[in-house]
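> What follows is the residue order along each chain.
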Amino acid sequence: MSDASSLRTPSQRIAWTGTIVISTLVFIFLIAPILAIMPLSFSSGSYLTYPLPGLSLRWYDDFLSSPRWMNALKNSMIIGVASTLLSMVLGTLAALGLAQWKSRFKPLVLAFVLSPVVVPGVITAVGLYFFFAPIGLTGSYLGLILAHTALATPFVVITVGATLQSFDTNLARAAASLGASPLEAFRRVILPLILPGLASGALFAFATSFDEVVIVLFMAGPEQRTLPREMFSGIRENISPTITAAAVILTTVSVILLATLEGLRRRNERLKGGG
Amino acid sequence: MTTASLTGANAAANVPLKRRLKRAERARQLKALALVVPLLLFLLFTFAGPIAGMLWRAVDDHEVRRVLPQTVAALASWDGKDLPDENTYAALASDIQAARTAGTVAIAAKRLNYALNGFRTILTSTARNLKAMPEPGTARETLGKINAAWRDRATWTTIRNASGPLTSFYLLGALDLVRNADGAIVAAPSDQAIYREVFARTFLISLGVTVLCLILGFPVAYLLATLPPGRSNLLMIFVLLPFWTSLLVRTCAWIVLLQSKGIVNDSLHWLGIIDEPLRLIYNRFGVCVAMTHVLLPFMILPLYSSMKAISPAYMRAAASLGAPPLTAFLRIYLPQTLPGIGAGSLLVFILALGYYITPALVGGAADQMISYFIALYTTETANWGLASALGAVLLLATILLALVYGKLVQGQQVTGGMKN
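So the sequence lines, in the order shown, correspond to chains H and G. With my numbering applied, the first sequence corresponds to residues 72 to 346, in that order. With my numbering applied, the second sequence corresponds to residues 22 to 441, in that order.
Rather than coming from a laboratory, the hints here were simulated on the basis of the structure. Be aware that a few hints might be false.
[Said to hold, decoys possible] Under the rule of at most 27 Å between Cα atoms (straight-line distance), these lysine-lysine pairs were calculated in the DSSO-like manner:
id	chain 1	residue 1	chain 2	residue 2
1	H	K173	G	K39
2	H	K177	G	K39
3	G	K131	G	K166
4	G	K428	H	K173
5	G	K428	H	K177
6	G	K52	H	K177
Sequences are here, hints too, so could you generate the full structure?
As structure tokens, this is what we get:
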């Protein structure tokens with residue numbers, strides 16, 4: 072309250088009240104749509120409006136018993152986990168290298184590594200579609216995993232890189248001077264310290280793949296359709312309450328990811344504050 | 022021993038040490054680079070290579086060259102003023118015969134039809150009716166009889182312009198330009214000129230969404246930056262939760278809210294404000310609302326971090342020097358948020374330019390942005406040259422803006438460092 076109580080003039084108080092009112096409206100704008108569709112998934116009727124005729128779990132039952140949605144969930148998990156693992160390996164190695172590498176080309180290399188985030192999804196998707204089709208990588212899990220890894224790795228490089236920046240390199244030197252081999256020093260000194268950063272990177276990578284739909288639209292065959300891809304066709308054709316059930320499941324996954332990330336951030340801040 | 026020889030010995034011992042250090046450092050740098058190389062190679066294969074391939078397709082023109090090789094060779098010496106000579110007609114007849122056997126007529130017909138509407142019919146009908154190779158010296162007459170278009174200079178100019186190996190046809194087409202029969206660049210006929218309008222629309226929607234995000238995001242960022250950390254962290258959840266929620270979920274939510282029998286229309290009707298449902302979705306309004314919702318966190322977060330870096334002491338100093346609150350805000354606070362405003366606005370604008378999913382789902386036919394057309398020409402009509410050319414223009418715009426963004430963010434970090 073320090074700032075609100077230090078407001079002296081009426082006009083300042085009005086401005087502050089205005090800020091609070093507008094911000095509240097914006098918060099409602101941000102959250103309300105997401106909250107509004109959740110109860111609809113528990114409706115016993117099939118119309119997407121209020122008041123609900125009654126409560127039921129029939130749409131979740133529908134989701135869980137539909138081979139189409141279950142296959143999509145399975146695909147999202149397979150592609151998400153595989154591209155997370157691959158991007159963790161590539162991204163962590165690159166972040167470790169970039170932290171030590173001194174060169175005037177470094178900004179250029181960094182810009183290249185981060186560019187998949189900036190380039191519009193459609194352009195990457197079209198390029199990959201042309202490039203992967205002749206070598207048989209469209210309509211395959213491998214193609215999608217490779218493409219999602221390219222999109223997810225920048226987030227790993229950023230998060231792990233940020234962690235390494237606050238990492239005290241003297242600790243690695245101390246380990247070496249005490250006779251640890253480079254691998255041992257990495258495993259027993261560096262790794263435990265940067266683990267929260269790695270975990271955040273992994274969460275970002277997974278979320279990127281789990282939410283991606285443009286590349287899947289271009290490259291997935293009927294066998295590889297993911298959850299967002301099924302939602303895309305569902306929304307196009309006709310929004311059934313089953314889609315709202317899928318939306319609730321997807322949002323739950325996001326909340327779990329966000330909560331884990333927030334937990335990691337707090338833990339990291341505590342550690343920094345303690346040191 | 023003299024002092025001179027001592028220093029000499031020292032220097033001799035020093036040089037190898039320096040060199041050894043240098044060598045060790047170089048080895049360390051190489052090792053560091055070796056850690057980055059796998060990712061660079063990976064991105065070359067899964068990102069840079071494919072995009073380079075797309076850019077290549079925007080200028081590549083091999084179809085006619087491959088299907089009608091003799092015609093293309095014969096046309097190389099054509100002056101373009103009159104109809105080509107008998108040899109060229111004979112070359113075309115021979116090419117068409119060969120293409121019919123190989124089943125490649127349609128490939129050239131498709132490419133030539135892009136440049137001249139109706140060329141598909143000209144070529145396929147000629148291929149169908151040209152039963153045998155014409156007698157020597159009668160090729161021009163025979164082809165002219167099969168299809169009168171072969172007596173038209175424009176038909177031949179079209180083939181010559183499409184004979185590759187490189188072409189500016191698709192790139193010009195993406196900007197609503199064509200080459201006329203004399204090779205000059207002119208505006209495309211109005212019924213084919215749609216892309217400038219699409220680019221203008223993409224630009225306007227992105228700009229509108231950016232302005233909306235700035236207007237809505239500024240007060241929120243200010244509130245979050247001013248409140249004590251405990252509370253602002255709690256309120257930050259309202260920004261981060263939508264940020265982390267799937268794009269599809271959010272788009273779906275807006276359709277459920279805004280459709281004609283949706284929650285908003287039902288509530289307004291129930292309240293007696295409207296009799297007929299309002300048209301809130303599948304139009305420009307729906308696109309702007311949904312895109313603003315998706316992109317707002319990208320505005321709030323950079324604004325918040327730039328505001329967080331402003332020391333409250335500046336505002337106190339302004340007040341103590343007699344500045345009224347509004348003057349202090351406009352002259353002291355606002356200028357310091359400009360880098361944040363710039364970074365947030367550019368980020369939102371860049372992301373909005375390439376939007377595909379949201380306009381495709383909540384927009385009408387007149388609200389589709391450039392990405393929609395790139396996708397359409399890739400998967401539906403398979404005009405890959407045009408899709409690539411439109412993609413190249415979008416990519417160029419994105420890269421230029423991203424460079425500006427990079428400079429802006431870098432500058433911010435430098436001044437941020439000096440303040441600390």
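> If you test the structure against every hint from before, which numbers come out violated?
none
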